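Trainee: One-letter residues, chain by chain:
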Amino acid sequence: AQSVTQPDIHITVSEGASLELRCNYSYGATPYLFWYVQSPGQGLQLLLKYFSGDTLVQGIKGFEAEFKRSQSSFNLRKPSVHWSDAAEYFCAVGPSGNTPLVFGKGTRLSVIA
Amino acid sequence: NAGVTQTPKFQVLKTGQSMTLQCAQDMNHNSMYWYRQDPGMGLRLIYYSASEGTTDKGEVPNGYNVSRLNKREFSLRLESAAPSQTSVYFCASGDIGYTFGSGTRLTVV
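Chains as they are written, first to last, in the numbering used here: chain Z, 68 to 180; chain Y, 7 to 115.
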């Protein structure tokens with residue numbers, strides 16, 4: 068069965084510092100992988116996605132993620148965090164046939180001055 | 007280009023009352039989904055519809071029913087609300103990546 072693990076429940080970084088959010092997945096084949104962001108009181112917005120090809124994908128808001136098949140990981144990165152990046156971030160894997168996406172439990176990002 | 011529209015945005019119910027959450031998408035997606043979000047639990051799938059005329063249970067279907075009215079609309083019904091159904095409900099549509107609505111914050115007292 069598909070599963071997604073986001074090991075960090077909450078991360079705090081200083082504004083201007085770099086960021087890496089971890090995502091590990093379990094999936095039987097080459098997965099589709101996604102990162103979503105949820106600002107307080109809002110719905111989820113797609114940041115980026117990986118289907119195939121180049122393993123480093125660029126997304127919106129200056130985010131990027133790297134697919135590493137050998138580590139079953141799809142970590143999200145940003146070189147310099149802005150206060151407006153404070154939000155909750157969800158990694159997702161799938162779908163397979165008609166089976167829906169499987170989401171991780173999320174990582175809450177706090178940004179301090 | 008509204009995307010996914012959910013109504014209402016907020017609702018307070020008394021235990022035992024019923025209500026229907028509405029969701030509509032204008033992106034011609036085949037698949038639609040209902041999730042609930044609770045603190046520390048992430049997103050949990052309640053029901054989904056892979057195509058018009060089909061619905062399937064997700065992880066937490068008990069206490070809910072759904073109707074895929076047509077390709078655009080997918081409603082979620084609580085027949086007899088319970089305090090455990092206090093949550094934020096999200097509708098999504100999409101055949102690979104999903105587009106989410108802005109959510110319904112439901113409180114059952």
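One should not assume that every hint holds.
Unchecked claim - BS3-like, lysine-lysine: derived pairs with alpha carbons at most 27 angstroms apart:
| no. | chain 1 | residue 1 | chain 2 | residue 2 |
| --- | --- | --- | --- | --- |
| 1 | Y | 15 | Y | 77 |
| 2 | Z | 172 | Z | 128 |
| 3 | Z | 128 | Z | 116 |
| 4 | Y | 77 | Y | 20 |
| 5 | Z | 172 | Y | 15 |
| 6 | Z | 135 | Z | 116 |
| 7 | Y | 77 | Z | 116 |
| 8 | Y | 77 | Y | 63 |
| 9 | Y | 63 | Y | 15 |
| 10 | Y | 20 | Z | 128 |
| 11 | Z | 116 | Y | 20 |
| 12 | Z | 172 | Z | 116 |
These are computed hints drawn from the structure, not numbers from a lab. Values in this document were obtained by computation on a predicted structure and should not be read as measured data.
Trainee: So, for every hint listed, does it hold in this structure?
Mentor: Okay, the hints, checked on the actual structure:
A distance of roughly 22 angstroms separates the Cα atoms of residue 15/Y and residue 77/Y; the hinted pair therefore holds under the 27 angstroms criterion. This hinted pair checks out: residue 172/Z and residue 128/Z have alpha carbons roughly 22 angstroms apart, not beyond 27 angstroms. Distance hint between residue 128/Z and residue 116/Z is fulfilled; the C-alpha atoms sit about 14 angstroms from each other, no more than 27 angstroms. Taking the CA atoms of residue 77/Y and residue 20/Y, the gap is about 32 angstroms. The hint is violated against a cut of 27 angstroms.
About 23 angstroms separates the Cα atoms of residue 172/Z and residue 15/Y, which keeps this hinted pair within 27 angstroms; it holds. As the CA atoms of residue 135/Z and residue 116/Z are separated by approximately 14 angstroms, the hinted pair is consistent with the 27 angstroms bound. For the suggested pair residue 77/Y and residue 116/Z, the alpha carbons sit about 25 angstroms apart, so the restraint of at most 27 angstroms is met. For the hint linking residue 77/Y to residue 63/Y, the alpha-carbon distance of about 18 angstroms falls within 27 angstroms, and the restraint holds.
The straight-line distance between the Cα atoms of residue 63/Y and residue 15/Y is roughly 24 angstroms, inside the 27 angstroms bound, and the hint therefore holds. With a C-alpha separation of about 41 angstroms, the suggested pair residue 20/Y and residue 128/Z falls outside the 27 angstroms cut-off, and the hint is violated. Proposed proximity of residue 116/Z and residue 20/Y is contradicted: the alpha carbons are some 41 angstroms apart, above 27 angstroms. For the proposed pair residue 172/Z and residue 116/Z, the alpha carbon gap of about 18 angstroms is at most 27 angstroms, so the pair holds.
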